[in-house]
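Visitor: Protein chains in written order, with the working numbering: chain A, 1 to 206; chain P, 1 to 553; chain U, 1 to 315.
Bear in mind the hints are in silico, worked out from the structure with no lab data behind them. Careful: at least some of the hints might be erroneous.
[Said to hold, decoys possible] Simulated pairs of lysine-lysine, DSSO-like, Cα-Cα distance not exceeding 27 Å:
no.: 1; chain 1: U; residue 1: 107; chain 2: U; residue 2: 225
no.: 2; chain 1: U; residue 1: 225; chain 2: U; residue 2: 112
no.: 3; chain 1: U; residue 1: 134; chain 2: U; residue 2: 250
no.: 4; chain 1: P; residue 1: 514; chain 2: U; residue 2: 52
no.: 5; chain 1: U; residue 1: 282; chain 2: U; residue 2: 250
no.: 6; chain 1: P; residue 1: 355; chain 2: U; residue 2: 52
[Claimed, not checked] To list a few chain U residues with every Cβ distance to chain A over 12 Å, as calculated:
no.: 7; residue: 32
no.: 8; residue: 36
no.: 9; residue: 61
no.: 10; residue: 63
no.: 11; residue: 90
no.: 12; residue: 94
no.: 13; residue: 99
no.: 14; residue: 195
no.: 15; residue: 233
no.: 16; residue: 262
[As the list claims (entries may be wrong)] Selected chain U positions facing chain P (Cβ under 8 Å, derived; list incomplete):
no.: 17; residue: 62
no.: 18; residue: 89
no.: 19; residue: 153
no.: 20; residue: 158
no.: 21; residue: 184
no.: 22; residue: 188
Backbone N, C-alpha and C define an ideal beta-carbon position, used for all residues, glycine too.
Here is what each chain is made of, one letter per residue.
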Amino acid sequence: MTTLRHEPFLDIARQREADRLGMVVFLASEAMLFGALVMGLLALRTFQPAPFAAASERLNLLAGSVNTAVLLTSSLLVAIGAEARALNRNRLATWMLGIAALLGIAFLIIKGREYYQEYGEGLMPGAGPYQDFGSPGARMFMDGYFVATGLHAFHVLVGVAMLAGCAWRLRRSDPPSKVGIENVGLYWHLVDVVWVFLFPILYLSR
Amino acid sequence: MSRAGLHDASREEAAPLRTPAEAQSYLNDGNSLRSWLLTTDHKRIAILYLTSITGFFAIAATAAAMMRLNLLTPQGALLTAEGYNRAFTMHGVIMVWFFLIPSIPNVFGNFLIPLMIGARDMAFPRLNLASWYIFMAGGLFTLAALIFGGVDTGWTFYTPLSSTYANGNVVLALTAVFIAGWSSILTGINFIVTIHKLRAPGMTWGRLPLFVWTHYATALILVLATPVLTVTLLLVAAERLFGLGIFNPALGGDPLLFQHLFWFYSHPAVYIMVLPAMGVVSELVPAAAHKKLFGYWFVAYSSLAIALVGFLVWGHHMFVSGQSMYASTVFSFLSLVVAVPSAIKVYNWTATLYKGSIALNAAFLFAMGFIGLFVMGGLTGLMLALLAIDVHVHDTYFVVAHFHYIMVGGAVTAYLGAMHFWWPKMFGRMYNEVWGRISAVLVFIGFNVTFFPQFLLGYMGMPRRYHEYPPEFQTLHVLSTGGAGLLGLGYALPLIYLLYSLRHGEPASANPWKATGLEWTVPSPPPTHNFEDTPIVVREPYDYPLSHDSSIA
Amino acid sequence: MLNLFGLSLPQASAHAQHVDMLIGAFSLLILLLAGPVIVLIFAFAIRYRRGKDVNRDHAPNRNVWLEVSWTIIPFLLILGFFVVSAKMFFFIHEPPADAMPISVVAKQWMWKFQHPQGQSEINTLHVPIGQPVKLTMTSQDVIHSLYVPALRLKQDVLPGRYTELWFTATRPGTYHLFCSQFCGLDHATMGGSVVAMVPGAYARWLSTQASAGSLATAGATLYRKLGCGACHAGDGTTRAPSLNGLYGSKVTLEGGRQIVADDQYLRDAILDPNAQVTAGYKPIMPTYRGLIGEEEAMQLAAYIRAMKTVPGEYP
Numbered sequence: 001m002t003t004l005r006h007e008p009f010l011d012i013a014r015q016r017e018a019d020r021l022g023m024v025v026f027l028a029s030e031a032m033l034f035g036a037l038v039m040g041l042l043a044l045r046t047f048q049p050a051p052f053a054a055a056s057e058r059l060n061l062l063a064g065s066v067n068t069a070v071l072l073t074s075s076l077l078v079a080i081g082a083e084a085r086a087l088n089r090n091r092l093a094t095w096m097l098g099i100a101a102l103l104g105i106a107f108l109i110i111k112g113r114e115y116y117q118e119y120g121e122g123l124m125p126g127a128g129p130y131q132d133f134g135s136p137g138a139r140m141f142m143d144g145y146f147v148a149t150g151l152h153a154f155h156v157l158v159g160v161a162m163l164a165g166c167a168w169r170l171r172r173s174d175p176p177s178k179v180g181i182e183n184v185g186l187y188w189h190l191v192d193v194v195w196v197f198l199f200p201i202l203y204l205s206r
Numbered sequence: 001m002s003r004a005g006l007h008d009a010s011r012e013e014a015a016p017l018r019t020p021a022e023a024q025s026y027l028n029d030g031n032s033l034r035s036w037l038l039t040t041d042h043k044r045i046a047i048l049y050l051t052s053i054t055g056f057f058a059i060a061a062t063a064a065a066m067m068r069l070n071l072l073t074p075q076g077a078l079l080t081a082e083g084y085n086r087a088f089t090m091h092g093v094i095m096v097w098f099f100l101i102p103s104i105p106n107v108f109g110n111f112l113i114p115l116m117i118g119a120r121d122m123a124f125p126r127l128n129l130a131s132w133y134i135f136m137a138g139g140l141f142t143l144a145a146l147i148f149g150g151v152d153t154g155w156t157f158y159t160p161l162s163s164t165y166a167n168g169n170v171v172l173a174l175t176a177v178f179i180a181g182w183s184s185i186l187t188g189i190n191f192i193v194t195i196h197k198l199r200a201p202g203m204t205w206g207r208l209p210l211f212v213w214t215h216y217a218t219a220l221i222l223v224l225a226t227p228v229l230t231v232t233l234l235l236v237a238a239e240r241l242f243g244l245g246i247f248n249p250a251l252g253g254d255p256l257l258f259q260h261l262f263w264f265y266s267h268p269a270v271y272i273m274v275l276p277a278m279g280v281v282s283e284l285v286p287a288a289a290h291k292k293l294f295g296y297w298f299v300a301y302s303s304l305a306i307a308l309v310g311f312l313v314w315g316h317h318m319f320v321s322g323q324s325m326y327a328s329t330v331f332s333f334l335s336l337v338v339a340v341p342s343a344i345k346v347y348n349w350t351a352t353l354y355k356g357s358i359a360l361n362a363a364f365l366f367a368m369g370f371i372g373l374f375v376m377g378g379l380t381g382l383m384l385a386l387l388a389i390d391v392h393v394h395d396t397y398f399v400v401a402h403f404h405y406i407m408v409g410g411a412v413t414a415y416l417g418a419m420h421f422w423w424p425k426m427f428g429r430m431y432n433e434v435w436g437r438i439s440a441v442l443v444f445i446g447f448n449v450t451f452f453p454q455f456l457l458g459y460m461g462m463p464r465r466y467h468e469y470p471p472e473f474q475t476l477h478v479l480s481t482g483g484a485g486l487l488g489l490g491y492a493l494p495l496i497y498l499l500y501s502l503r504h505g506e507p508a509s510a511n512p513w514k515a516t517g518l519e520w521t522v523p524s525p526p527p528t529h530n531f532e533d534t535p536i537v538v539r540e541p542y543d544y545p546l547s548h549d550s551s552i553a
Numbered sequence: 001m002l003n004l005f006g007l008s009l010p011q012a013s014a015h016a017q018h019v020d021m022l023i024g025a026f027s028l029l030i031l032l033l034a035g036p037v038i039v040l041i042f043a044f045a046i047r048y049r050r051g052k053d054v055n056r057d058h059a060p061n062r063n064v065w066l067e068v069s070w071t072i073i074p075f076l077l078i079l080g081f082f083v084v085s086a087k088m089f090f091f092i093h094e095p096p097a098d099a100m101p102i103s104v105v106a107k108q109w110m111w112k113f114q115h116p117q118g119q120s121e122i123n124t125l126h127v128p129i130g131q132p133v134k135l136t137m138t139s140q141d142v143i144h145s146l147y148v149p150a151l152r153l154k155q156d157v158l159p160g161r162y163t164e165l166w167f168t169a170t171r172p173g174t175y176h177l178f179c180s181q182f183c184g185l186d187h188a189t190m191g192g193s194v195v196a197m198v199p200g201a202y203a204r205w206l207s208t209q210a211s212a213g214s215l216a217t218a219g220a221t222l223y224r225k226l227g228c229g230a231c232h233a234g235d236g237t238t239r240a241p242s243l244n245g246l247y248g249s250k251v252t253l254e255g256g257r258q259i260v261a262d263d264q265y266l267r268d269a270i271l272d273p274n275a276q277v278t279a280g281y282k283p284i285m286p287t288y289r290g291l292i293g294e295e296e297a298m299q300l301a302a303y304i305r306a307m308k309t310v311p312g313e314y315p
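Could you build all of it, start to finish, from the sequences and the hints given here?
Guide: Spelled out as structure tokens, the structure:
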């Protein structure tokens, strides 16, 4: 998303609107992607509440909470960065997006360490030195946990790449447009919102 | 208006190798392979899709031919059990995801939507090309699954058969469909943004051709339903690769969860296949009748209603699955409701013909074929929605007949109708009209001979996905196979005379059918940028009769 | 008997007759709704074809009342069929209390039937006419489906769950039985027959079959062998709830939810005990998954069902 108009648009304002709408529609599809997983988790919670709660208690609540704070902070920085770009304060925008990207990496590192811990505790289905779920319902919970947070982590990775890319390009002569930065911001906010749903369902059902 | 008659050798010199219009069109704008493979022109991308889906159709049709030949005898004449199971799986996977879903939207939607709304291209031309490459990547994985021995789970991949028990290249096939799903989603995004943001001045929503309305509704389904399939296939692959246990009851999982997730996408998916076909027919009928479409707004809103209610009926695939009685009752009711907007369209097409001035050309004959066959398919769908009937005929040939009436009798017939209607616009050549009509009739007859007996087979108790069967069913199977031969011939014919027309057909004028619509105001074939000047739309849609050959819309 | 184009399908029960009548009547309705459309399309295409000199004045292109009526009226007519069909559907899902219970285990690629007194069959099911029969079914591997076209009935058979199918055969005869959910390689040959017999013939047939004892007897043997009484004997004030009269009663689970103690509940309690713990008890029951199979679980459930007031003594 450059500052230049391109075919087939005859009007740059129209092109910006289209870029924005395209991102919004894409995010709707992403919402359906995670929505299916969230519905599955909620169904499990409804039909097997005891094993679900038992499994939830074995997750690392501290790691999950820190990660929540990390993502929320990074979203704030991205919002500031987008505002900065709108005011042409590109240096500030670069810093904001860059730090947000680093926070995203921090999220991934913390998540990776959690996975490693779960691997060692026998909570990773199909892997690890032993399997110690306690009940089939808890195993289903861990299945859902790994798929949902794994898919989410993949999206965080993609988001980090986009944020870093934007931060880099903001320092050059052809920086991304305001709408471009906002679109990356929207993506990052969706990643955040998905986590805001996953965290209570997975970590706080105890 | 030039009309290609019976082939006359003395006229061959008159049809030039390349017409002036072709020379200045998108077809001639760069002749290297690179210019085609790296194009961002929506019209060229449509042609790329056209060639690739034709290839996939041929593969899946071969699988079908082998199946029908096998069913000539009760013990199975051609294939082993394993071979048959792999054939019907491949037939389903390729036909659904690599032919039907992309067919009308990615060929005709891509080609026509910008033209119909007065734009120079799609909103995201490079994304459009990426969609095709992603589609081809999915296709490559499918071919790999085929070459490495095939998959035998059925295109529906029910668990725990697919997740735990099946041997074969299940993960390859799941990956193929997973990738193809992304192509669908990106196409949907492109359509939605294009229709919202690139309409020419004066092209209000109330002036859009119904083709655009139905593709808009289709795009909504593409964007919102496909991700659920994506996640579902991911879960099955994860279960196969990592032994997660989500669908495995021995590990506490629930096989029915798969069915809910799968059908939540796959029911709306059938509307992805049918809505564009209805859009085509909504163009063909007014054009043939030279009359305004009856009940424009009813037809327009019915497209949105089908898309919306289509998301609420998935449980009708699960009436005997062990799903709760009460849930089944609700799904049954909603499945009857969803038939209503489709019925509205059929009545409106019929009313459009009243006091029209109808040209009985090939395109219109295909449209008539669609209406007849779609009505049959839709009404048998109502039968299936009735709980007590479905308990008897679910998973029998009755269901097979029903969905082939809709998808083949409906969607493929409409695809051929679209081909016969817009071929002159896309390639600047008229084809042999007589052969066109022969094809339409042959397809209609061949189709009915193939699939009507299957309703009877199903009601009499013949289950589906059987490579062998009790001997009393043989007569109807032989009849069905015979019809399939006729149908195959009906499909092969257009391939011949349409390709022939590329070099030998009469050059087409801008508006050979004297139809309304912005696509008929540009040369045949169109130049790369579509319109010299942005059109300004002042007339209502389907504003017949036209005052002259090429109308300013 | 339903005869169509040389094929015939018997009507082996009253329900089968009703289904045939339903689809027959519905076919008439759709002929009534679709027929005019098809006829009109042809008629208009011919009458109003281009070049024909005919009155085309005042061609309409919208009529809201017409749109509304041709939408609402067919829908209301179809709704009548919906109600009838739903009632039939509920009927076939509500087995009468005196239905003869038969347990069914499906596996790739065969059917095992077990009669109440223990006679077992493979792929063929003998039943008496005039007597409601209830099949309680489960699968040992993938999803199968039991389909008897002559009865117009089918029901998917799931692993890890029990599903039910009940019917009253009214016509003696031998009828096809198919598997109708694709289940792998030999799906097409996983069939058999249902043999409906007059009660006298059925009784004679039963007596000629070897029986290893009824399901409940086998269940009792298993109960002793596995030592279930170590916890479950007694009045329920110790480690585990009492099983007297448990079958069919309402159980309150930990967390307040109430559930009926049916076959599914008993099976789940044996194979996955800590998913649904009875209120007031600790989750200490060991799982028997892997130690016993689906048929054994059915036997234990039959034994528990037979337990009335005297533990250890039963018919």
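Visitor: For every hint, state whether the structure bears it out.
Guide: Each hint, compared with the structure:
1. U:107 - U:225: holds (26 Å)
2. U:225 - U:112: holds (24 Å)
3. U:134 - U:250: holds (22 Å)
4. P:514 - U:52: Holds. Residue 514 of chain P to residue 52 of chain U sits at ~18 Å (cutoff 27 Å).
5. U:282 - U:250: Judged against 27 Å, a Cα distance of about 19 Å means the pair holds.
6. P:355 - U:52: holds (11 Å)
7. 32: Check passes; 41 Å lies beyond 12 Å.
8. 36: holds (41 Å)
9. 61: With a cut-off of 12 Å, residue 61 of chain U remains clear of chain A, as the shortest Cβ separation is near 33 Å.
10. 63: holds (36 Å)
11. 90: It holds; residue 90 of chain U is separated from chain A by about 24 Å at its closest Cβ, greater than 12 Å.
12. 94: Given a closest Cβ separation of 24 Å, the condition holds.
13. 99: Its Cβ never comes within 12 Å of chain A, the nearest being 28 Å, so this holds.
14. 195: About 39 Å separates residue 195 of chain U from the closest Cβ of chain A, which puts it past 12 Å; holds.
15. 233: At about 26 Å from chain A, residue 233 of chain U clears the 12 Å cut-off, so the statement holds.
16. 262: holds (16 Å)
17. 62: holds (5 Å)
18. 89: Check passed: Cβ of residue 89 of chain U comes within 4 Å of chain P, closer than 8 Å.
19. 153: Where the cut-off is 8 Å and the nearest Cβ of chain P is about 6 Å from residue 153 of chain U, the hint holds.
20. 158: Nearest chain P Cβ about 5 Å off; hint holds.
21. 184: holds (6 Å)
22. 188: holds (4 Å)
This entry satisfies every hint, going by the numbered hints stated previously.
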